[in-house]
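Participant: Chains as they are written, first to last, in the working numbering: chain A, 126 to 557; chain B, 126 to 557.
Note that these hints are calculated values from the structure, not bench results. A few of these clues could be false.
Pairs count within a copy or across copies, as identical chains cannot be separated in the list.
Distance condition first, Cα-Cα at most 30 Å in a straight line; then the derived DSBU-like pairs of lysine-lysine [what the hints assert, rightly or not]:
no.: 1; residue 1: Lys-395; residue 2: Lys-291
no.: 2; residue 1: Lys-364; residue 2: Lys-425
no.: 3; residue 1: Lys-395; residue 2: Lys-349
no.: 4; residue 1: Lys-243; residue 2: Lys-214
no.: 5; residue 1: Lys-243; residue 2: Lys-349
no.: 6; residue 1: Lys-291; residue 2: Lys-349
no.: 7; residue 1: Lys-395; residue 2: Lys-364
no.: 8; residue 1: Lys-364; residue 2: Lys-349
no.: 9; residue 1: Lys-291; residue 2: Lys-243
no.: 10; residue 1: Lys-425; residue 2: Lys-393
no.: 11; residue 1: Lys-402; residue 2: Lys-345
no.: 12; residue 1: Lys-402; residue 2: Lys-364
no.: 13; residue 1: Lys-291; residue 2: Lys-214
no.: 14; residue 1: Lys-393; residue 2: Lys-364
no.: 15; residue 1: Lys-345; residue 2: Lys-393
no.: 16; residue 1: Lys-425; residue 2: Lys-214
Quantities reported herein were computed from a predicted structural model and do not represent experimental measurements.
There are 2 protein chains.
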Amino acid sequence: SMVPHLITALNGPTNELEQRILDMTPAIERWFRLEWMEHTPPFYSSVDVRNAGFKLAPVDTNLYPGGWNNLTPEMLPLAVQAAMAAIEKICPEARNLLVIPENHTRNTFYLSNVLQLKRIFHQAGLNVRFGSLSLDITEPTTLTLPTGEQITLEPLVRTDRRLGLKNFDPCTILLNNDLSAGTPGMLEDLNEQYLLPPLHAGWSVRRKSHHFQAYEEVSKRFGKLLGVDPWLINPMFAKCGEVNLAEGADMDCLTSNVDALLTKIRRKYKEYGINEKPFVIVKADNGTYGMGIMTVRDVKDLDELNRKTKNKMSTTKDGQSLSEVIIQEGVQTHERINDAVAEPVVYMMDRYVVGGFYRVHADRGIDENLNAPGSSFVPLAFADSGRLPQPGVPPGASGPNRFYMYGVIGRLAMLAASYELEATDPDAEVYD
Amino acid sequence: SMVPHLITALNGPTNELEQRILDMTPAIERWFRLEWMEHTPPFYSSVDVRNAGFKLAPVDTNLYPGGWNNLTPEMLPLAVQAAMAAIEKICPEARNLLVIPENHTRNTFYLSNVLQLKRIFHQAGLNVRFGSLSLDITEPTTLTLPTGEQITLEPLVRTDRRLGLKNFDPCTILLNNDLSAGTPGMLEDLNEQYLLPPLHAGWSVRRKSHHFQAYEEVSKRFGKLLGVDPWLINPMFAKCGEVNLAEGADMDCLTSNVDALLTKIRRKYKEYGINEKPFVIVKADNGTYGMGIMTVRDVKDLDELNRKTKNKMSTTKDGQSLSEVIIQEGVQTHERINDAVAEPVVYMMDRYVVGGFYRVHADRGIDENLNAPGSSFVPLAFADSGRLPQPGVPPGASGPNRFYMYGVIGRLAMLAASYELEATDPDAEVYD
Numbered sequence: 126s127m128v129p130h131l132i133t134a135l136n137g138p139t140n141e142l143e144q145r146i147l148d149m150t151p152a153i154e155r156w157f158r159l160e161w162m163e164h165t166p167p168f169y170s171s172v173d174v175r176n177a178g179f180k181l182a183p184v185d186t187n188l189y190p191g192g193w194n195n196l197t198p199e200m201l202p203l204a205v206q207a208a209m210a211a212i213e214k215i216c217p218e219a220r221n222l223l224v225i226p227e228n229h230t231r232n233t234f235y236l237s238n239v240l241q242l243k244r245i246f247h248q249a250g251l252n253v254r255f256g257s258l259s260l261d262i263t264e265p266t267t268l269t270l271p272t273g274e275q276i277t278l279e280p281l282v283r284t285d286r287r288l289g290l291k292n293f294d295p296c297t298i299l300l301n302n303d304l305s306a307g308t309p310g311m312l313e314d315l316n317e318q319y320l321l322p323p324l325h326a327g328w329s330v331r332r333k334s335h336h337f338q339a340y341e342e343v344s345k346r347f348g349k350l351l352g353v354d355p356w357l358i359n360p361m362f363a364k365c366g367e368v369n370l371a372e373g374a375d376m377d378c379l380t381s382n383v384d385a386l387l388t389k390i391r392r393k394y395k396e397y398g399i400n401e402k403p404f405v406i407v408k409a410d411n412g413t414y415g416m417g418i419m420t421v422r423d424v425k426d427l428d429e430l431n432r433k434t435k436n437k438m439s440t441t442k443d444g445q446s447l448s449e450v451i452i453q454e455g456v457q458t459h460e461r462i463n464d465a466v467a468e469p470v471v472y473m474m475d476r477y478v479v480g481g482f483y484r485v486h487a488d489r490g491i492d493e494n495l496n497a498p499g500s501s502f503v504p505l506a507f508a509d510s511g512r513l514p515q516p517g518v519p520p521g522a523s524g525p526n527r528f529y530m531y532g533v534i535g536r537l538a539m540l541a542a543s544y545e546l547e548a549t550d551p552d553a554e555v556y557d
Numbered sequence: 126s127m128v129p130h131l132i133t134a135l136n137g138p139t140n141e142l143e144q145r146i147l148d149m150t151p152a153i154e155r156w157f158r159l160e161w162m163e164h165t166p167p168f169y170s171s172v173d174v175r176n177a178g179f180k181l182a183p184v185d186t187n188l189y190p191g192g193w194n195n196l197t198p199e200m201l202p203l204a205v206q207a208a209m210a211a212i213e214k215i216c217p218e219a220r221n222l223l224v225i226p227e228n229h230t231r232n233t234f235y236l237s238n239v240l241q242l243k244r245i246f247h248q249a250g251l252n253v254r255f256g257s258l259s260l261d262i263t264e265p266t267t268l269t270l271p272t273g274e275q276i277t278l279e280p281l282v283r284t285d286r287r288l289g290l291k292n293f294d295p296c297t298i299l300l301n302n303d304l305s306a307g308t309p310g311m312l313e314d315l316n317e318q319y320l321l322p323p324l325h326a327g328w329s330v331r332r333k334s335h336h337f338q339a340y341e342e343v344s345k346r347f348g349k350l351l352g353v354d355p356w357l358i359n360p361m362f363a364k365c366g367e368v369n370l371a372e373g374a375d376m377d378c379l380t381s382n383v384d385a386l387l388t389k390i391r392r393k394y395k396e397y398g399i400n401e402k403p404f405v406i407v408k409a410d411n412g413t414y415g416m417g418i419m420t421v422r423d424v425k426d427l428d429e430l431n432r433k434t435k436n437k438m439s440t441t442k443d444g445q446s447l448s449e450v451i452i453q454e455g456v457q458t459h460e461r462i463n464d465a466v467a468e469p470v471v472y473m474m475d476r477y478v479v480g481g482f483y484r485v486h487a488d489r490g491i492d493e494n495l496n497a498p499g500s501s502f503v504p505l506a507f508a509d510s511g512r513l514p515q516p517g518v519p520p521g522a523s524g525p526n527r528f529y530m531y532g533v534i535g536r537l538a539m540l541a542a543s544y545e546l547e548a549t550d551p552d553a554e555v556y557d
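Start from the sequences and build out the full structure, keeping to the hints where you can.
Facilitator: This is the structure we're talking about:
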């Protein structure tokens with residue numbers, strides 16, 4: 126079987142959840158259908174899921190997903206179909222799509238990702254070109270990937286009212302850049318064009334705590350639908366508004382919250398007879414790319430943090446200083462491929478799950494972040510993902526059934542992102 | 126390569142068309158997107174396509190497609206995603222879908238087809254049950270297929286305003302029964318429920334000549350978009366209103382139209398330097414299932430028709446007598462799998478191509494109908510169909526490129542069906 130080996134027993138809570146999700150498929154799909162009548166799905170997203178055997182939860186919801194190149198060719202038609210649906214709703218007459226990638230143009234894996242996006246949207250009926258926010262791109266610049274494929278990055282051209290490229294006026298501008306470094310003025314006040322995701326989804330504005338607040342609400346409602354304890358799919362969390370780790374001060378909030386959360390987890394473990402050591406993850410509330418992430422198994426760990434670790438933690442991507450932190454219930458990943466720890470990543474476009482893969486990391490523990498910068502990981506496409514769930518197969522034994530469950534959890538996180546973006550929309554009209 | 130061997134040269138018109146379609150993909154997809162803004166796609170459909178090497182054309186557009194069981198498991202997620210999109214537009218709050226299959230309950234291939242539909246719609250979030258129009262089904266009847274799978278057919282329950290089953294009130298009723306025998310009163314005046322396809326799509330009302338009239342219009346507009354002669358994708362046709370073949374009378378209309386159409390085809394062949402013998406297909410304008418179909422290579426063939434053939438032709442499915450006939454330009458199928466003649470069949474749900482297969486018939490000629498009753502055929506799933514087109518591969522050498530072209534032709538026929546159903550809608554409001 127291509128389902129990664131689960132070290133937990135087959136009758137563990139995650140397997141019961143898998144069975145329950147499979148049994149209730151029509152009700153679940155209808156529930157999502159009704160939710161999407163009221164809420165707008167993010168244009169695209171990816172969700173990191175951790176399966177502890179006794180618990181299954183999203184730990185990161187990316188609204189500027191990279192890694193599309195890790196999806197297998199077999200998955201792409203689903204992405205194209207979803208892209209067609211997405212475009213049709215936003216800008217049905219569109220001919221052109223402008224994609225704004227991240228600035229790291231030397232990373233050929235990343236460039237393969239944006240080329241994959243081009244392939245998907247081309248097939249969905251759009252002329253796709255790339256506009257760079259990088260100051261280095263002052264003229265059209267063609268880069269050649271190791272595969273021989275080429276990609277051309279062009280300088281953005283901003284007029285008073287519109288953003289485009291030379292001789293290229295897009296209806297929709299798709300960001301594949303998470304705006305960690307802040308919102309470029311060039312992207313502001315584009316009232317005539319669709320900018321997706323909206324600027325307040327960028328990491329200089331977005332907060333993980335807002336997301337997991339919304340996810341908590343989603344998990345409660347979904348738990349009620351399924352008749353299961355929402356904790357089985359929800360990672361508990363707390364947050365501290367201002368922590369200056371580099372200075373070593375302001376640790377009180379962190380210490381007390383870590384302590385309280387560990388206690389809450391311990392209580393839940395006891396309730397379910399789980400014989401594991403609880404841990405929490407401390408990370409930047411606006412952090413990205415797995416930077417500044419720390420596993421804390423005991424409140425004493427915080428005191429033992431040496432200056433070096435704190436310095437390392439205190440800086441996130443693009444040199445933003447870490448001040449707000451989220452303390453999240455740690456969810457082990459008990460999926461393994463051969464001997465390596467694996468976590469599933471689910472890819473979505475519009476409201477649809479379009480694929481996924483396992484992030485595999487041979488050198489990391491089950492309670493550590495696998496999306497570590499500079500470290501290698503092996504993407505493993507969901508086997509048999511191009512198949513429907515198979516009723517009647519024992520939980521944990523069917524790839525398609527497991528992936529369906531991951532797809533449900535991925536979509537719950539995507540729904541939470543939708544709630545989150547509505548709640549944080551600066552342009553939202555408020556009625557009271 | 127899994128692309129069936131084409132006996133035509135690689136630089137034939139169909140290959141030029143394939144290249145042109147591939148080069149113009151974004152424009153083509155946008156064109157379809159705009160068409161679907163104005164026109165409603167049929168809920169589902171399948172289209173038989175014939176590829177003569179010098180010409181590629183749809184020859185039959187089925188609005189009650191069977192054969193879903195011939196799609197491979199890899200294709201089903203696309204069908205599910207399309208079904209979600211279709212249901213969301215029609216009846217987003219729906220819990221239940223009632224499917225009305227054909228009456229031939231002894232045909233286990235057919236029953237596998239309806240079980241496949243159940244699988245698709247279940248996964249899209251609907252409870253699916255089957256209601257039979259057959260008078261033999263007076264109580265819930267469970268049949269077991271050779272695979273061990275079971276299917277339960279239930280008697281329909283009609284109230285004054287609604288149609289359903291005992292304890293099952295559907296929002297949408299999906300016909301997988303082409304109503305050749307006429308429109309059952311039970312299906313009329315269901316103003317509170319969605320009945321799909323609409324009753325005027327049934328073969329007791331529908332006419333092939335209406336469809337191909339609409340297709341001619343579609344092919345002209347598409348030909349203009351691509352800058353190609355619409356004849357390359359359009360089978361010419363003529364019709365006779367009343368022909369009593371059994372009586373041997375009323376043959377004048379048929380004879381003169383066959384003669385005129387053969388002359389038109391000959392002229393086109395000459396224009397393109399095609400060294401083939403033209404032929405026409407004479408078939409029931411409201412016929413189904415490949416019954417009553419005759420290949421005519423010369424107008425003299427009509428005189429030589431013996432009484433037996435005429436009798437055979439004069440009856441279509443469900444014993445309807447053949448009176449109106451359509452005379453259609455014959456399109457050879459030059460696709461072969463091993464030595465057998467093959468024709469592609471494209472499956473669509475809502476506006477999306479969700480799969481296809483080759484209908485393969487070892488005992489039939491290239492100018493004969495392959496969908497012959499009682500004869501065996503081998504469905505061969507499109508190889509690599511779960512892949513995007515591959516730009517840069519020579520025409521005729523790439524499975525995905527070829528299937529993309531077939532998917533475009535299939536969608537043109539689906540669009541024609543949409544035009545056709547609009548034009549023949551008895552409830553359409555007419556403004557003048």
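Participant: Given identical chains, is Lys-402 near Lys-345, meaning Cα to Cα at most 30 Å, within a copy, between copies, both, or neither?
Facilitator: within (25 Å within a copy, 70 Å between copies)
Participant: As a check of your reading, is Lys-345 near Lys-393 (CA-CA no more than 30 Å) within one copy, between copies, both or neither?
Facilitator: Cα proximity of Lys-345 and Lys-393: one copy only (16 Å, versus 67 Å across).
Participant: Could you figure out if Lys-364 and Lys-349 sit no more than 30 Å apart (CA to CA) within one copy, between two copies, both or neither?
Facilitator: within (26 Å within a copy, 61 Å between copies)
Participant: If the cutoff is 30 Å on CA atoms, where do Lys-402 and Lys-364 land: within, between, both or neither? Let me know, please.
Facilitator: within (22 Å within a copy, 80 Å between copies)
Participant: One pair to classify: Lys-425 and Lys-214, alpha carbons no more than 30 Å apart. Within, between, both, or neither?
Facilitator: neither (52 Å within a copy, 56 Å between copies)
Participant: Cα distance capped at 30 Å. Does Lys-425 pair with Lys-393 within a copy, between copies, both, or neither?
Facilitator: Only inside one copy: Lys-425 and Lys-393 sit 21 Å apart there, 87 Å across copies, limit 30 Å.
Participant: Quick one: Lys-291 to Lys-214, C-alpha cut-off 30 Å, is that within a copy, between copies, both, or neither?
Facilitator: Only inside one copy: Lys-291 and Lys-214 sit 26 Å apart there, 38 Å across copies, limit 30 Å.
Participant: How would you label the pair Lys-291, Lys-243 (within, between, both, or neither) given a Cα cut-off of 30 Å?
Facilitator: within (18 Å within a copy, 51 Å between copies)
Participant: If the cut is 30 Å between Cα atoms, do Lys-243 and Lys-214 qualify within a copy, between copies, both or neither?
Facilitator: Answer is both: 19 Å inside a copy and 28 Å across each meet the 30 Å cutoff.
Participant: How would you label the pair Lys-395, Lys-364 (within, between, both, or neither) given a Cα cut-off of 30 Å?
Facilitator: Classified as within: same-chain Cα gap 24 Å, cross-chain 79 Å, threshold 30 Å.
Participant: Have a look at Lys-291 and Lys-349 and pick one of within, between, both or neither, based on CA distance no larger than 30 Å.
Facilitator: This pair counts as between: shortest inter-copy Cα distance 29 Å, intra-copy 53 Å.
Participant: When no copy is named, should Lys-395 and Lys-349 be tagged within, between, both, or neither for a Cα gap of at most 30 Å?
Facilitator: Only inside one copy: Lys-395 and Lys-349 sit 22 Å apart there, 71 Å across copies, limit 30 Å.
Of the numbered hints listed earlier, those contradicted by the structure are 1, 16.
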